[in-house]
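J.: From first to last, the protein sequence lines are chains A and B. Per this note's numbering, the very first residue in the first sequence carries number 222; after that it's consecutive. Per this note's numbering, the very first residue in the second sequence carries number 222; after that it's consecutive.
The reader is advised that the hints may include incorrect statements.
As the list makes no split between identical chains, a pair holds if one copy fits it or if it spans any two.
What the hints assert, rightly or not - Each computed DSS-like pair below joins lysine-lysine, with the alpha-carbon atoms no more than 27 Å apart:
(1) K497 with K685
(2) K594 with K279
(3) K299 with K470
(4) K497 with K441
(5) K497 with K556
(6) K666 with K497
(7) K424 with K517
(8) K556 with K467
(9) K685 with K458
(10) K320 with K424
(11) K441 with K416
(12) K556 with K279
(13) K463 with K279
(14) K685 with K467
(15) K458 with K594
(16) K244 with K279
No lab work stands behind these hints, which were simulated from the structure alone.
Number of protein chains: 2
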Amino acid sequence: MNSQGVTPQSEDYARWYNDVVLKADLAEYAPTPGCMIIKPYGYELWEGIQDALNRRFKETGHRNAYFPLLIPMSFIQKEADHVEGFAPQLAVVTHGGGKELEEPLVIRPTSETIIGHSFAQWIHSYQDLPLLINQWANVVRWEMRPRLFLRTREFLWQEGHTAHATEAEAIEETMRILDIYADVAANEAAIPVVKGRKSNQEKFAGAEASYSIEGMMGNKWALQSGTSHHLGQNFAKAFEIKYLSKENKLEYCWTTSWGVSTRMVGAIIMAHGDDKGLRLPPRLAPIQVVIVAIFKNESEKETVLAAVHRLRDLLAAAGVRVHVDAREGMTPGFKFNDWEMRGVPLRMEVGPRDLAQGTVLLSRRDLPGKEGKEPVPVDGLVPVVERRLAEIQAGLLERATQLRDANLHEARSLAELGEIVADGWALVSHCGTAECEAKIQEESKASSRCFPLDLNEEWYPKGKTCAICGKPAQGLAYFARAY
Amino acid sequence: MNSQGVTPQSEDYARWYNDVVLKADLAEYAPTPGCMIIKPYGYELWEGIQDALNRRFKETGHRNAYFPLLIPMSFIQKEADHVEGFAPQLAVVTHGGGKELEEPLVIRPTSETIIGHSFAQWIHSYQDLPLLINQWANVVRWEMRPRLFLRTREFLWQEGHTAHATEAEAIEETMRILDIYADVAANEAAIPVVKGRKSNQEKFAGAEASYSIEGMMGNKWALQSGTSHHLGQNFAKAFEIKYLSKENKLEYCWTTSWGVSTRMVGAIIMAHGDDKGLRLPPRLAPIQVVIVAIFKNESEKETVLAAVHRLRDLLAAAGVRVHVDAREGMTPGFKFNDWEMRGVPLRMEVGPRDLAQGTVLLSRRDLPGKEGKEPVPVDGLVPVVERRLAEIQAGLLERATQLRDANLHEARSLAELGEIVADGWALVSHCGTAECEAKIQEESKASSRCFPLDLNEEWYPKGKTCAICGKPAQGLAYFARAY
Numbered sequence: 222m223n224s225q226g227v228t229p230q231s232e233d234y235a236r237w238y239n240d241v242v243l244k245a246d247l248a249e250y251a252p253t254p255g256c257m258i259i260k261p262y263g264y265e266l267w268e269g270i271q272d273a274l275n276r277r278f279k280e281t282g283h284r285n286a287y288f289p290l291l292i293p294m295s296f297i298q299k300e301a302d303h304v305e306g307f308a309p310q311l312a313v314v315t316h317g318g319g320k321e322l323e324e325p326l327v328i329r330p331t332s333e334t335i336i337g338h339s340f341a342q343w344i345h346s347y348q349d350l351p352l353l354i355n356q357w358a359n360v361v362r363w364e365m366r367p368r369l370f371l372r373t374r375e376f377l378w379q380e381g382h383t384a385h386a387t388e389a390e391a392i393e394e395t396m397r398i399l400d401i402y403a404d405v406a407a408n409e410a411a412i413p414v415v416k417g418r419k420s421n422q423e424k425f426a427g428a429e430a431s432y433s434i435e436g437m438m439g440n441k442w443a444l445q446s447g448t449s450h451h452l453g454q455n456f457a458k459a460f461e462i463k464y465l466s467k468e469n470k471l472e473y474c475w476t477t478s479w480g481v482s483t484r485m486v487g488a489i490i491m492a493h494g495d496d497k498g499l500r501l502p503p504r505l506a507p508i509q510v511v512i513v514a515i516f517k518n519e520s521e522k523e524t525v526l527a528a529v530h531r532l533r534d535l536l537a538a539a540g541v542r543v544h545v546d547a548r549e550g551m552t553p554g555f556k557f558n559d560w561e562m563r564g565v566p567l568r569m570e571v572g573p574r575d576l577a578q579g580t581v582l583l584s585r586r587d588l589p590g591k592e593g594k595e596p597v598p599v600d601g602l603v604p605v606v607e608r609r610l611a612e613i614q615a616g617l618l619e620r621a622t623q624l625r626d627a628n629l630h631e632a633r634s635l636a637e638l639g640e641i642v643a644d645g646w647a648l649v650s651h652c653g654t655a656e657c658e659a660k661i662q663e664e665s666k667a668s669s670r671c672f673p674l675d676l677n678e679e680w681y682p683k684g685k686t687c688a689i690c691g692k693p694a695q696g697l698a699y700f701a702r703a704y
Numbered sequence: 222m223n224s225q226g227v228t229p230q231s232e233d234y235a236r237w238y239n240d241v242v243l244k245a246d247l248a249e250y251a252p253t254p255g256c257m258i259i260k261p262y263g264y265e266l267w268e269g270i271q272d273a274l275n276r277r278f279k280e281t282g283h284r285n286a287y288f289p290l291l292i293p294m295s296f297i298q299k300e301a302d303h304v305e306g307f308a309p310q311l312a313v314v315t316h317g318g319g320k321e322l323e324e325p326l327v328i329r330p331t332s333e334t335i336i337g338h339s340f341a342q343w344i345h346s347y348q349d350l351p352l353l354i355n356q357w358a359n360v361v362r363w364e365m366r367p368r369l370f371l372r373t374r375e376f377l378w379q380e381g382h383t384a385h386a387t388e389a390e391a392i393e394e395t396m397r398i399l400d401i402y403a404d405v406a407a408n409e410a411a412i413p414v415v416k417g418r419k420s421n422q423e424k425f426a427g428a429e430a431s432y433s434i435e436g437m438m439g440n441k442w443a444l445q446s447g448t449s450h451h452l453g454q455n456f457a458k459a460f461e462i463k464y465l466s467k468e469n470k471l472e473y474c475w476t477t478s479w480g481v482s483t484r485m486v487g488a489i490i491m492a493h494g495d496d497k498g499l500r501l502p503p504r505l506a507p508i509q510v511v512i513v514a515i516f517k518n519e520s521e522k523e524t525v526l527a528a529v530h531r532l533r534d535l536l537a538a539a540g541v542r543v544h545v546d547a548r549e550g551m552t553p554g555f556k557f558n559d560w561e562m563r564g565v566p567l568r569m570e571v572g573p574r575d576l577a578q579g580t581v582l583l584s585r586r587d588l589p590g591k592e593g594k595e596p597v598p599v600d601g602l603v604p605v606v607e608r609r610l611a612e613i614q615a616g617l618l619e620r621a622t623q624l625r626d627a628n629l630h631e632a633r634s635l636a637e638l639g640e641i642v643a644d645g646w647a648l649v650s651h652c653g654t655a656e657c658e659a660k661i662q663e664e665s666k667a668s669s670r671c672f673p674l675d676l677n678e679e680w681y682p683k684g685k686t687c688a689i690c691g692k693p694a695q696g697l698a699y700f701a702r703a704y
């Protein structure tokens, strides 16, 4: 354990993760079984993700709305695959206002059904299409093995729901959103995800095709960090979502749904964290620069704090998220370790000696020891801070990309796959069947992550066979240990 | 009914309200009994309220967090008044993951209990205080007479929860938030609310004292639009929220809670709406300026639309929320009525004749007919639009203030009170007892709104008596019909 009480990754990655979430004050388990409390620092990270997604959703014509938390049981049952997929995970309200309800209500595990019902009322003609709706909401799925941010019985997410006149437009929307998710992951969270199609077994209950972004975590496991589903006409038929075409014919719509959840916070922790704790990408970091004042006596304190507040105002005015650590009764060294553990990208030390020289000392979280330290003249401070933040953002993405690319290996047999997924992702020519997936899972504990889009321009390459079972291949698939 | 299908206020105020909510696409009833769907236009209004509140909460040191939706039944039962107040309104989850739960979970009707439990873990010493937390969340209360935005079984709100070392600090916080609510109401929503203390009967279940902002609606009814509670040590004692003081003594904290909900959208509708529909305050209006293009043929269309898009970009670049109505197959007159009904503050007509003269025609939603119309040179458009929006904002507040001030009357008897509350608010020297409140309610259907702070500097003016029952008065109270 380091001085902040964080277990080293090499010793126990799962404990390292838990330590970081708890010690950095991101979240904790709630007294409600399987649920979490998102603490302010964790919630601010989520707010950053929300802003990044909201901006992109609105730019592409989506509007936010809000649908009920409670869904009549009969709605869930209207789409056969959907109810089969979600029934085991439902939380059920049986009593309200002191009485037993006539029809039980389920807490939404996702909202295709109740939103589908509204779409059927709202859509009349082709002029009402496309209908592009997003909702920020909490959902409940009765998970049996909860893990903070990764898998809790309640979580926060956005769920987009859209309806289109043609299948081509629905597919285009599905892909547009997948691209937005990959863009937010790469350019805000600094996580270079793989975009791909989920296997039939892994797709959303009720979808024609599901796509995901998959990120590689520090222990080489995969984390599905966002999904985009082409729902075909499955929900349109279950909920009678129809429109009158230009040719005056009544047609079923084509719908999509897509979501990113508070799981993304877990992805950021595991993609970038190290033995010292978190390393937050500057674009999402709640605090980008922390200022630690250094002084030995009251007269030094006064001078230093006056300078600190001036510098804070200067940075804040430039749009930098800056925090002054004014805690008393702690050594600077303790504070340095504490902020490193919390992943703040830049630390600024301000002491009397620095000030006498007209400088402050900047330390980068992403570069160890002297390499990351530099005295910066107070005069030109803002542009240097902005440049360093941009460099850290780019550096985290670059390092995560190198980690990923160095740990993708092609497997030509089950034995090879097993070796690879012990410390990486295996790319396999794969049949995509449930039997073969189950066999791989059993032998290696790895699951099918996706058929990556960039390696599968044609879904059914002729003549290729599955490297595991020898049947005709669907394409190249990644297999990995996964959360 | 007007051309948009809105019942006149004078004919039936309740139907007018419902018509406006539905026709302006703000919200509608959901298939889940008693619940609503907030449609994009209504949700955008709520997002404006959220931004206005969030900004002020953060400026005053509050941080957002998130606590579980589901609360163990035993938690709700820990504070005696609290459980008595909320038990009849609870929705109860009895089954999860296909099994009956060992302990039923209630969907939060409010979160004092589960947040109190966390505060007890988080707070150790005086250095941890004040603890200033806010949560944006959905809550469920099993209302029997639902009304869109005003009273639905699920609603969205923010709930603030804070803990302090002293009673004085808790009271100061309670009042700081009440001031923030009144500020948002007046300066964002253009509603001049009355700040006051609720009577003992009307206070929050578990509070020492509750304060509210009360707005006067167009029909002179009152709408409680935000509440701020001083909780004393009631929840601190129920949940063992203690801190070690500077003097090294273990003391109970003093806590507060406070909330504004989607009800505020209802307040905006009723405070400003007229027979034509909504009138939205520009600071919160999702669309501040709507541009309607006027043309008779294809060649006019091309010129006009090119100009329209230029003007839209110009306004958007200046930070104005602008929308181009590009719908086809509708007359300009239909569009004018439609946007008036939706309450957009400014309409801009752009036609070939205007353009030939280098002008556009601006129409204000708040001024009828010719009075609100003016041709504006395209060259100086932005500052004129900004000035008009500011004038409309100020004008709505002024009109609402006049309405309120003209309809506050002092009542010296129950008979006078009855006459006044038929079309206004009655100010009464009042004992504050349950018996007297019940009597007034029975005779006049009016309820106690609050003891207004500005008229009650001392809570128990000596020698004053209740105008209704003759017992010693607690102070001056407003009574009104209320939602």
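J.: Would you pick out the hints that fail for this structure and give their numbers low to high?
T.: Per hint list: 1, 2, 6, 7, 9, 14 and 15 violated.
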